[in-house]
Amino acid sequence: MNLSNRERSIFGHMVFETGITVYYLWYAMKLPVDTLLNSKEWVGLVISLIPIGIVGGIIVGAIVIGTKSKTTAADERDRGIESKADGIAYRMMIVAIALYLGLIGFTYGIQPDLVPDTFAKQWLTFAITPLSVLNALVIIMFVAETTKYACQLWFYRRGY
Amino acid sequence: MAKTRISNQIRTLRFFSDEMSQAALADKIGVTRQTVMAIEAAKYSPSLELAFKIAAVFGKELGEVFTYPKEPQND
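Residue numbers (this note's numbering), protein chains in the order written: chain A, 6 to 165; chain B, 137 to 211.
It should be emphasised that the hints constitute simulated quantities derived from the structure, not laboratory data. Every residue gets a Cβ at the ideal spot worked out from N, C-alpha and C, and that includes glycine. Each hint should be verified, as a subset may be incorrect.
[What the hints assert, rightly or not] Mimicking BS3-like on lysine-lysine, the simulated pairs with C-alpha atoms at most 27 Å apart in a straight line are:
#: 1; chain 1: B; residue 1: Lys196; chain 2: B; residue 2: Lys139
#: 2; chain 1: A; residue 1: Lys89; chain 2: B; residue 2: Lys179
#: 3; chain 1: B; residue 1: Lys164; chain 2: B; residue 2: Lys206
#: 4; chain 1: A; residue 1: Lys89; chain 2: B; residue 2: Lys196
#: 5; chain 1: B; residue 1: Lys139; chain 2: A; residue 2: Lys89
#: 6; chain 1: B; residue 1: Lys206; chain 2: B; residue 2: Lys196
#: 7; chain 1: B; residue 1: Lys189; chain 2: B; residue 2: Lys179
#: 8; chain 1: B; residue 1: Lys164; chain 2: B; residue 2: Lys179
[Said to hold, decoys possible] Cβ-Cβ distance ranges computed for the label pairs, FRET-style:
#: 9; chain 1: B; residue 1: Phe188; chain 2: A; residue 2: Lys89; range: 20 to 26 Å
#: 10; chain 1: B; residue 1: Lys164; chain 2: A; residue 2: Ile55; range: 40 to 46 Å
#: 11; chain 1: A; residue 1: Trp31; chain 2: B; residue 2: Lys164; range: 47 to 53 Å
#: 12; chain 1: B; residue 1: Lys189; chain 2: A; residue 2: Ala132; range: 55 to 61 Å
#: 13; chain 1: A; residue 1: Val27; chain 2: B; residue 2: Phe188; range: 43 to 49 Å
#: 14; chain 1: A; residue 1: Pro135; chain 2: B; residue 2: Ser143; range: 37 to 43 Å
#: 15; chain 1: B; residue 1: Ser143; chain 2: A; residue 2: Ala103; range: 22 to 28 Å
#: 16; chain 1: B; residue 1: Glu185; chain 2: A; residue 2: Leu142; range: 24 to 30 Å
#: 17; chain 1: A; residue 1: Leu108; chain 2: B; residue 2: Glu207; range: 46 to 52 Å
#: 18; chain 1: B; residue 1: Asp163; chain 2: A; residue 2: Gly49; range: 47 to 53 Å
#: 19; chain 1: B; residue 1: Ser153; chain 2: A; residue 2: Ile144; range: 23 to 29 Å
#: 20; chain 1: B; residue 1: Glu200; chain 2: A; residue 2: Arg13; range: 33 to 39 Å
#: 21; chain 1: A; residue 1: Arg163; chain 2: B; residue 2: Ala192; range: 27 to 33 Å
#: 22; chain 1: B; residue 1: Ala192; chain 2: A; residue 2: Val148; range: 40 to 46 Å
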């Protein structure tokens with residue numbers, strides 16, 4: 006597939022952010038759910054992300070830009086595509102947050118009366134701790150960002 | 137996504153302007169070559185300002201570069 010510089014840049018950022026998010030979640034999910042956000046384990050995880058982010062960003066930037074030193078500024082079409090993709094990602098984020106809040110409300114409010122002691126009840130019952138909420142927000146932000154990049158690539162390929 | 141209904145003569149006009157390249161046109165109007173490609177392929181409708189800039193590069197009126205199909209009139 007013949008990608009323009011801008012498409013390669015978007016694709017590179019998408020891969021990079023996916024890598025960082027998967028790395029974070031891989032280790033964050035292994036931590037006990039009641040881990041505090043000022044604990045040694047969590048702070049260590051976040052600090053380990055910094056050099057990985059810097060080095061990864063440089064590598065992806067070098068691969069994306071390649072030998073071409075000339076980077077073109079965004080024009081009206083680029084800005085329009087980004088704006089439209091931002092709008093879709095924003096709506097996606099709002100819906101995801103609403104669903105998450107709904108799940109919390111359902112689990113801690115209505116659900117115990119409606120759902121008997123079944124698999125569903127066990128599955129839906131989850132602890133709400135600073136770490137679990139943060140992880141949920143990271144996932145929501147990741148989904149929104151990925152949606153944005155995917156929409157941008159779609160509009161560049163299919164027309165806008 | 138469907139093509140826009142606005143058609144254009146940019147490819148022809150470039151040919152008759154000493155076979156001006158898409159990159160050269162893009163430089164003159166201040167956009168990327170990809171945007172010129174998208175406009176030529178009718179995959180993107182330029183803003184009015186950009187459309188005027190394109191017409192000015194070829195020394196033409198706007199209507200000579202871009203055309204929009206007439207709607208059937210309901211009289």
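Hint check:
Distance hint between B:Lys196 and B:Lys139 is fulfilled; the C-alpha atoms sit about 24 Å from each other, no more than 27 Å. Proposed proximity of A:Lys89 and B:Lys179 is supported: the alpha carbons are some 16 Å apart, at most 27 Å. Pair hint B:Lys164 plus B:Lys206 does not hold up; C-alpha atoms about 30 Å apart against a cutoff of 27 Å. Distance check on the hinted pair: A:Lys89 and B:Lys196 sit about 32 Å apart at the alpha-carbon level, beyond 27 Å; violated.
Using a Cα cut-off of 27 Å, the hinted pair B:Lys139 and A:Lys89 holds, with the two alpha carbons roughly 18 Å apart. Note on B:Lys206 and B:Lys196: the hinted pairing holds, with a Cα-Cα distance of about 21 Å set against a maximum of 27 Å. At roughly 18 Å between alpha-carbon atoms, B:Lys189 and B:Lys179 fall within 27 Å of each other, so this suggested pair holds. Under the criterion of a C-alpha separation no larger than 27 Å, the hint pairing B:Lys164 with B:Lys179 is consistent with the structure, at around 20 Å.
A C-beta distance of roughly 24 Å is found between B:Phe188 and A:Lys89, which places it inside the suggested range of 20 to 26 Å. Taking the beta carbon of each, B:Lys164 and A:Ile55 are about 44 Å apart, inside 40 to 46 Å as hinted. Distance hint check for A:Trp31 and B:Lys164: the Cβ-Cβ separation is about 50 Å, which falls inside the suggested range of 47 to 53 Å. A beta carbon spacing of about 59 Å between B:Lys189 and A:Ala132 agrees with the range 55 to 61 Å that was offered as a hint.
Against the hinted window of 43 to 49 Å, the Cβ-Cβ separation of A:Val27 and B:Phe188 comes to about 48 Å, which satisfies the hint. Between A:Pro135 and B:Ser143 the Cβ separation comes to about 58 Å, which falls outside the hinted range of 37 to 43 Å. Checked against the hint of 22 to 28 Å, the C-beta distance between B:Ser143 and A:Ala103 comes to roughly 43 Å, which is inconsistent with it. In this structure the supplied range 24 to 30 Å is violated for B:Glu185 paired with A:Leu142, their Cβ-Cβ distance being about 40 Å.
Remark: the range hint 46 to 52 Å for A:Leu108 to B:Glu207 is upheld by a beta-carbon distance near 49 Å. Taken as a hint, the range 47 to 53 Å holds for the pair B:Asp163 and A:Gly49, whose Cβ atoms sit roughly 50 Å apart. Separation of B:Ser153 from A:Ile144 is about 53 Å and departs from the stated range, judged on CB atoms against 23 to 29 Å. Distance hint for B:Glu200 and A:Arg13: a CB-CB separation of about 36 Å, consistent with the stated range 33 to 39 Å.
At roughly 30 Å, the beta-carbon separation of A:Arg163 and B:Ala192 lies within the given 27 to 33 Å, and the hint holds. Hint check: B:Ala192 to A:Val148, Cβ distance near 44 Å, so the stated range 40 to 46 Å holds.
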